[in-house]
Amino acid sequence: EAGVAQSPRYKIIEKRQSVAFWCNPISGHATLYWYQQILGQGPKLLIQFQNNGVVDDSQLPKDRFSAERLKGVDSTLKIQPAKLEDSAVYLCASSVGLNYGYTFGSGTRLTVV
Amino acid sequence: TQLLEQSPQFLSIQEGENLTVYCNSSSVFSSLQWYRQEPGEGPVLLVTVVTGGEVKKLKRLTFQFGDARKDSSLHITAAQPGDTGLYLCAGFNAGNNRKLIWGLGTSLAVNP
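These protein sequence lines are chains A and B, in that order. The first sequence: position 96 = 96 (the working numbering), numbered continuously. One rule links them: number in the working numbering = place in the second sequence (from 1) + 113.
Rather than coming from a laboratory, the hints here were simulated on the basis of the structure. Quantities reported herein were computed from a predicted structural model and do not represent experimental measurements. Be careful, since some hints might not be right.
Unchecked claim - Dumping the calculated DSS-like pairs for lysine-lysine here, alpha-carbon to alpha-carbon at most 30 Å: (1) B:K183 x B:K172; (2) B:K169 x A:K44; (3) B:K212 x A:K44; (4) B:K170 x A:K11; (5) A:K78 x B:K172; (6) A:K71 x B:K170; (7) A:K78 x B:K183; (8) A:K78 x B:K170; (9) B:K212 x A:K83; (10) A:K44 x A:K71; (11) A:K62 x B:K183.
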């Protein structure tokens with residue numbers, strides 16, 4: 001089966017600019033996650049969707065980050081405006097449902113200068 | 114407060130050596146997963162353990178879930194350079210099955 005697709009693979013922007021990341025999960029996976037990962041650390045959950053509804057966005061900095069999954073399939077994560085500390089890898093993952101193993105995409109490496 | 118503590122944080126060994134990575138908590142987990150992440154890629158699920166005392170083997174990797182479901186270990190026999198990566202444990206807390214709790218990872222380097 002096809003894996004989780006993410007784009008772009010790399011992005012370099014200046015602080016205060018906007019950026020958007022796209023994710024297409026594995027077909028049939030109801031649950032979609034966006035994670036932020038600082039180099040060498042474990043992933044930090046930003047937002048979790050079940051179909052097109054938000055299950056958990058408690059760690060999403062809502063003043064600058066937003067995410068949507070309008071049709072319950074692919075998803076977009078946006079940062080507006082970006083800060084230097086947003087430099088990280090943004091990982092998208094999907095799973096069949098809650099309590100199942102995750103399949104991750106390759107991530108988008110964001111550098112804010 | 115980090116619910117899942119991984120140790121060691123860094124490990125550098127020679128090819129052929131054995132090693133064990135630990136994942137510990139004071140909380141009970143309904144299940145625990147191990148992932149390996151290579152540079153520039155997302156984590157890849159290696160195994161899920163569910164039953165206390167469970168042991169699963171994946172070629173040279175042996176995973177064990179503690180009897181009380183509060184800890185887990187990953188043992189690698191005769192490590193190879195291809196085993197290099199970040200090993201992450203993650204679990205569903207028995208009190209909140211909807212959120213996966215992640216450890217900070219063990220960075221393993223196997224030198225030829």
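Discussion item. Run the distance test for B:K212 versus A:K83: straight-line Cα separation, threshold 30 Å.
Written reply: Holds. B:K212 to A:K83 sits at ~27 Å (cutoff 30 Å).
Worksheet item: Straight-line Cα separation of A:K78 and B:K172 no greater than 30 Å?
Response: Not satisfied, since the Cα-Cα distance of roughly 41 Å exceeds 30 Å.
Worksheet item: Straight-line Cα separation of B:K183 and B:K172 no greater than 30 Å?
Response: The hint holds at about 25 Å.
Discussion item. Next pair to validate is A:K78 with B:K183; report whether the Cα-Cα distance is within 30 Å.
Written reply: Violated, because 37 Å separates the two Cα atoms, which is more than 30 Å.
Worksheet entry | Given hint B:K170 paired with A:K71 - CA-CA distance at most 30 Å | Status violated; Cα separation ~39 Å.
Worksheet entry | Restraint status (C-alpha distance of B:K212 to A:K44 at most 30 Å) | Roughly 11 Å separates the two Cα atoms, so the pair holds.
Worksheet item: Does A:K62 pair with B:K183 here, judged by a C-alpha cut-off of 30 Å?
Response: Measuring from Cα to Cα gives roughly 33 Å; hence the hint is violated.
Worksheet item: Taken at face value, is the distance from the CA of A:K11 to the CA of B:K170 at most 30 Å?
Response: Roughly 39 Å between the alpha carbons, so the hint for B:K170 and A:K11 is violated.
Worksheet entry | Given pair status - A:K44, B:K169, alpha carbons within 30 Å | Roughly 27 Å separates the two Cα atoms, so the pair holds.
Worksheet item: Is it true that the CA of A:K78 sits at most 30 Å from the CA of B:K170?
Response: violated (40 Å)
Worksheet item: Would the pair A:K44 and A:K71 pass a check requiring their Cα atoms to be no farther apart than 30 Å?
Response: It holds: about 25 Å lies between the C-alpha atoms, which stays within 30 Å.
When each numbered hint is compared with the structure, violations occur for hints 4, 5, 6, 7, 8 and 11.
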